[in-house]
Amino acid sequence: MQLAIFWIFAFFMVFFGALVVLLRNPVSSAMSLVLSFLFLAGLFMTLDAFFIGIIQVLVYAGAVMVLFLFIIMLLDLKSEKQRKLKVGAWLGGGAVLAGFVYTILHVVGRMPGAEQAMPVLPGGVGSDVARIGWVLFERYNMPLQVVGVLLLVATVGVVILSRKELK
Amino acid sequence: MDCTQIYQIVMMPEVFLVWTSLAKILGLLGIVLGLVSYTVYAERRVSAFIQDRLGPNRVGPQGLIQPIADAFKLVLKENFMPAGVNKFFYYIAPKLSMIPAILVLAVLPFGSTLLGVPMVIAGIDIGVLWVFAVSSLGVYGIVLAGWASNSKYSFLGGIRSSSQMISYELSLGLSVIPVFMVVGTLNLPEIVLYQVKNGWLIAPFWPQGFDLAKLAENPGGAWEMVVASFAAGFSLQKLLLWVPLFLSFIVFLVSIFAETNRAPFDLPEAEQELVAGYHTEYSSMGFALFFLGEYAAMIAASGVIVTLFLGGWSLPLVPDGSAESFFGLSFVPGWLAGVLWGFVNIGVFFGKVIALLLFMIWVRWTVPRFRYDQLMKLGWYFFFELALFNILLTALVLIFVP
Amino acid sequence: MAIVVKRAKLSLLEKLYFPALIGGLLITIRHFKNMFFGKTKVTMQYPEERWDEHLPPHYRGAPTLVTDEVGRERCVACQLCEFICPSRAITIHPEEIPAHEKWGKVEKRPKTFEIDMVRCIYCGMCQEVCPEQAIFLRKDYLVIGYSRKEMVHDKARLYELGGVMDGLVLKWNEKK
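Protein chains in written order, with this note's numbering: chain U, 1 to 167; chain B, 1001 to 1402; chain R, 2001 to 2176.
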């Protein structure tokens, strides 16, 4: 059952991921990417990582891709649709793809963890949300705070830069 | 195969889960879709009353059959597709705006229990995040409709809607964090159970251990008992927590208004400027789906507010589905009493939702629409900061006041 | 010259927006309450409530043909109304009255007299122009039909709607 679900989600994720590249209409590509994200979130959830799955949907499918779509909609789509691919582009893209696949296979093949199944997570206290919270705030509290301050600085900087009456 | 065998199959855990879930889904969907059409009716009637008109009162007594007549009219209309639209996205956009609104319902606990079956379709641990994630997908329907319609009005509506929804998702998400800090879980049924025990989150004064059965035994000491139970339920921390929780309730409510594109934040469909915004070019069932999706989103949002802040299906002094007696009536057996109270709980939940819907309608016909820059300013300069400050305040209260 | 609009300085309470919001909500709920308990006057609920008794005497409803007090049809088919009608709603085919009939001296009467109520604009010019006071705008305002054909009022219908009307035109009196 779980295996079947894995293959279904994995297949559709890769399928829509491929469509992102193959479809000529940028809006279709963006929507394919959203679907790909949704299936990826499904994969996370089959691994009982509900929190990561739902954050995947919330952040990437729900917020980042909406911004993408927002920008894409303001583009001139007709010129993009009419563009023809050249042979060189095909070859170059294919080379990059092949190299990428080779690298991944190489790295994953060398990974010691890839040989056997991952050990079952220790049944901790509460849900996976609580567990992630514990890990973040107990073990990685300092980095978390630093990242938070960094983001805050970035936000304040953006606000200052985007003010009109900057003198 | 005889009856006992069928019974055994039906009561197998997996099979039991499947058919009870199906029954819950069908029941909830039926209630909500009925509620949607009558919300439309209420909207028209209430708006008319507020504007000193009568509203639809022709079809059936007081116009109560109007929603059905509307549905027939919409189904029978021509589904017109303008020239130059992107057919696939034009076709799929109304569905995309309807589906997320309905998916949100999956995690809402709309009742306590019926015969031991919890009245929530999926009581997952990440309930609230699910609500946010799914409702954030709802923006695609609107944006794609605006883009695919090949119309300036629709396009402007779609653009406005996407930026509005992204902006208010922030304060929406941040404003509920105090709730989780107080309750300590994201699971919606558990949040409701917390409120059953400790009082609704926006009402800090709550009787603790108050019980109708005990009161019946000692009717004379009712007043002392009420005072004692209120004193038991009172604490300084609770009183102080009321401030951030009320703030977060206000921020959440306003953000929900913006998120569901309701007035005063209905800029995406501003009739006076954009005709009807993103659904200008839609007719027949396409238009109906947008319309229903909007109202279904309203209902789902009200359900979320009710669950998070207003105690969900709980009402003071009303027992839940595990109760054994129904007003002490001897001819009602124990299991039936539980079922009856279970239905009362479901009724309480939908009663609260309806009250909130009426409030939303009331606000819509009172407040004029915000200007676009005012909307953005309000979201980014005011509610975002307020929500952040609120989290800090909650944390301080939780740490320093025992 | 540019006009500088002075913005009023808002107090903190006004800036908070909520007091004004609550005030607005109270106003609307008052309207709702008055309407709900039937205190607000509403417009006439037309098919159930009608205005018939209050129609003024000069009300211009559907044009009709009338007979005089002795039952003679007043119209002499002069066709002035047909010519004056701005929307050309009236069609008249005249015929001669045989000399041996009672009103033979009138000489002319309409064989058919049709008013297309789809075209009629209720202007009353036919009534104004009629030298015989034969056509009057009565108080019928409910002109209903399922087809265009039904909306054409023929002679019989026009007399049925018009009825009898005493007039000032006395030139066809028997005594004269």
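These are computed hints drawn from the structure, not numbers from a lab.
Hints are supplied without guarantee of correctness; some may be wrong.
[What the hints assert, rightly or not] PhoX-like, lysine-lysine: derived pairs with alpha carbons at most 25 Å apart:
no., chain 1, residue 1, chain 2, residue 2
1, B, Lys1377, U, Lys84
2, R, Lys2006, B, Lys1377
3, R, Lys2009, B, Lys1377
[Claimed, not checked] Taking beta-carbon pairs under 8 Å as the criterion, some of the chain B residues facing chain U (in silico):
no., residue
4, Val1085
5, Phe1089
6, Gly1123
7, Ile1124
8, Asp1125
9, Ile1126
10, Trp1130
11, Ser1136
12, Leu1137
13, Val1143
14, Ile1166
Please read these numbers as outputs of a predicted model, since none were measured by experiment.
Quick reminder that beta carbons are idealized off the backbone N, C-alpha and C, glycines included.
A quick look at each hint next to the structure:
no. : hint                     : result
1   : Lys1377(B) to Lys84(U)   : 44 Å, violated
2   : Lys2006(R) to Lys1377(B) : 22 Å, holds
3   : Lys2009(R) to Lys1377(B) : 19 Å, holds
4   : Val1085                  : 13 Å, violated
5   : Phe1089                  : 7 Å, holds
6   : Gly1123                  : 11 Å, violated
7   : Ile1124                  : 6 Å, holds
8   : Asp1125                  : 4 Å, holds
9   : Ile1126                  : 5 Å, holds
10  : Trp1130                  : 6 Å, holds
11  : Ser1136                  : 3 Å, holds
12  : Leu1137                  : 6 Å, holds
13  : Val1143                  : 6 Å, holds
14  : Ile1166                  : 6 Å, holds
Hints 1, 4, 6 from the list above are not met by this structure, while the remaining hints are.
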